[in-house]
Amino acid sequence: MTLSWPKRFGLLLLGPVLAIAFSVAISSIALSASGNSPTLAFTQMYHFGTRLDSVISMLNRSIPLYISALAVAIGFKMNLFNIGVEGQYRLAAVVAAAAGAAVDLPAPIHVLFIVLVAVFVGGCWGAIPGVLKVTRGVHEVISTIMLNTIATGIAAYLLATHFRAKNAPGDLVIKTKDIPKSGWFPNLNKILDKLGIDVVTRAPGSELAGFLFVALLLGAGFYLLVWRTRFGFDLRASGVNPGAARASGVDPKRMVVQTMTISGGIAGLVGISQLLGVFHRYTIDFPTGYGFTGIGVALLGRNHPVGMALGAMLFAFMDRSAQILDLNGIPKEIVVIMQGVILLSVVIAYEVVHRLTEIAELRAAAAQTAAAHAGAQVAA
Amino acid sequence: MAVAVEHRQKIAAASPRSRPRDLVLFVAGAMLLLSAVRAWTGADDLTSFGTFSAALRLAVPIGFAGLGAIYAERCGVVNIGIEGMMILGTWFGAWGGVQYGPWWGVVLGIAGGALGGLVHAIATVQFGVNHIVSGVAINILGAGVARFMSVIAWADSTVGGGATQSPRVQGDIPHVSLPFLGGGTLFGWHSPDALGWFTRHDWFFVSDIAGFLRAFCADVSWLTVMFLALIPITWWVLWRTKFGLELRSTGESPAAAESLGVPVYRMKYAGVVLSGALAGLGGAFLVLEAANIYREGQTNGRGFIALAALIFGNWRPVGVALGSALFGFSDALQLRQESAVHALLLFVALGALLFALRALYQRRWKVAGVLGGFAFAFWLYYVTTDQVPVQFVFFTPHLTTLLVLSFATQRLRMPAADGLVYRKGQVQ
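Taken in sequence, the protein lines are chains A and B.
Plus 149 on top of the position in the first sequence (first one is 1) and you've got the working numbering.
Plus 649 on top of the position in the second sequence (first one is 1) and you've got the working numbering.
Please keep in mind that the hints were generated in silico from the structure rather than gathered at the bench.
Even glycine gets a Cβ: it sits at the ideal position worked out from N, Cα and C.
Please note that a few of the clues may not be correct.
As the list claims (entries may be wrong) - Stretches of chain A that chain B covers, calculated by requiring three or more beta carbons in the stretch to come under 8 Å of a beta carbon on chain B: (1) 281-287; (2) 439-447; (3) 516-525.
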């Protein structure tokens, strides 16, 4: 028995709303206890975070988080935990950067080539835990965590040896060669201009990353793959009831390897937005941590492309708007606590809501049966 | 014949506990091989007292967290959040150490980790959140809490420290040496150092073994002693007490346990909080024993390695201790001597070859082939290179884990209801 949609929608939103409220409460306590004013902190964050340059920065920051969440979510759909997105995207980014700098192709093909290299490397690295799981029974949580460190080591080794560009005198940054301009991803400022948003005067220097399009396409593709294809059906079936899926002819081993490969392939794209849009090369301080935050975003968005987009934007907004806090002498690390509390309370809230839904559904069903029963008696 | 072999394997799979005699033989065999490689390559630090002593020191934090993980998983709760609890242990350990001295650091480190465990227990036991999901969230939360508290506690402090590190902890956890064996003092009298005398000679195997044993007898921190004692204590608690029986039955079949009157929720709370406390103790050890200071990222994935050690050790204390020793050893080698890591390649090649021969004898052709391939690959790597790139050395323990798990998981058995959400009154 299903509930009416306003009820379902309300229950769906209840979790995140409770979690955000709870995290605001906890962080207010933490701020007050450390002698800071929560109201000042949150109003500052709001005013700074809603400026045009902050909004553009927020969108840019949300791209890698969103892609990372998609990578994690496809595994989650069949109860596979790909904790290895971190290693997958770092290895993919360093190889893609080196490959992109090594070739000279016309513009769109060059970008496509780099993207494909990243997907390929991420996919191959992601396949390893899948293969280990089905052939050797190694749990993917452990193997992906180990492979993260191994990938980090290999990436550092490649960067320091084979992929390293010669430094100009006085330049100590360890980096790959620059990707030529044909391999850069154009920004979306022109489109913003057409929409009547004057970036040049209102947010000078800001660029809206063109990879936003790719992220949106990936989200749409994720939806189609999971809810509109045979593969997606098998995937969800394996997640909900592996035994039944197997009985209906789904090969669980093949599903595991395929899903981990796809997950790794998506993960390969996590670093590409910044590689092709901002840095154009891989340096020793290429941003890290998206893999783990992506897990959080996937949890927050309940593995749904729209939910994860909102989750990614929420986390990105918090990261960006916290930058103002230090200027006011408030430790900006408060947002890390907020994010952690949101995560933990949202999973608890989802579980509570799930139980409440169950009870409501049982009641609704009971009421209907009783009504039908009464109706039958009246008719008799 | 094949049937007999299969039968033997089945028995092995059903009762994969190692007897003390097997353990001693295994360690002695590994030591013999190690001494042979040491003598052949001249990489003296492969079996030196310094290496083993460092290995023990590096193994202890992993070991504490790993022993803790036994309590959590034996009662059926998977604890990926151990890394976060360890981070809390490092922060609270450092804070306690800075404020009140090292022993208070130990106490507060335990308390910090236990707090993380309590959060995990509330989420997983009370609210039935997926264990891995909750663990991942706790890891993120633990790192965030440590960072925020560092800013508040130390950013403006006058005694040093800042957003990513603490001031120095004053004072040490005392160290101890056994009399006669490790040259300890007896009522103020400096006793002879028998094992040290052996290590100063270059007798094949004997000196190597002496170096190994002396690591446990000379200059050992009291926290390390606590860890070594905790191995048999954990075994005794889990397999010889009522509490242990109830804890384990909760992890095997919560419905059956509950029907027999075991307070399932309470056992799970106890197991997870204990696990957090021990992870916190591991974190405190890192701060108080290894560095005398808290640094952000100090745990560096050791909580995850502890989980690997847990699986490697088949959810048993001695196995977990062996697993953490393995990590400690490969970690110690990279710190002590780079050529020793290169020599380790030869050791791995020979070890893989031995296991391949055993598989051949057992007629497990495929396993023998794969292991032989590995032996050849490591040997080839050894003879064609002079050293292992430093970036590779860095992930030696992790690669070792992956290889060991790839070859050993067939014989492992985790608690039957491990990782499953149980709701009070649930049937099956």
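Hints numbered earlier in the text: which of these fail when held up against the supplied structure? 3
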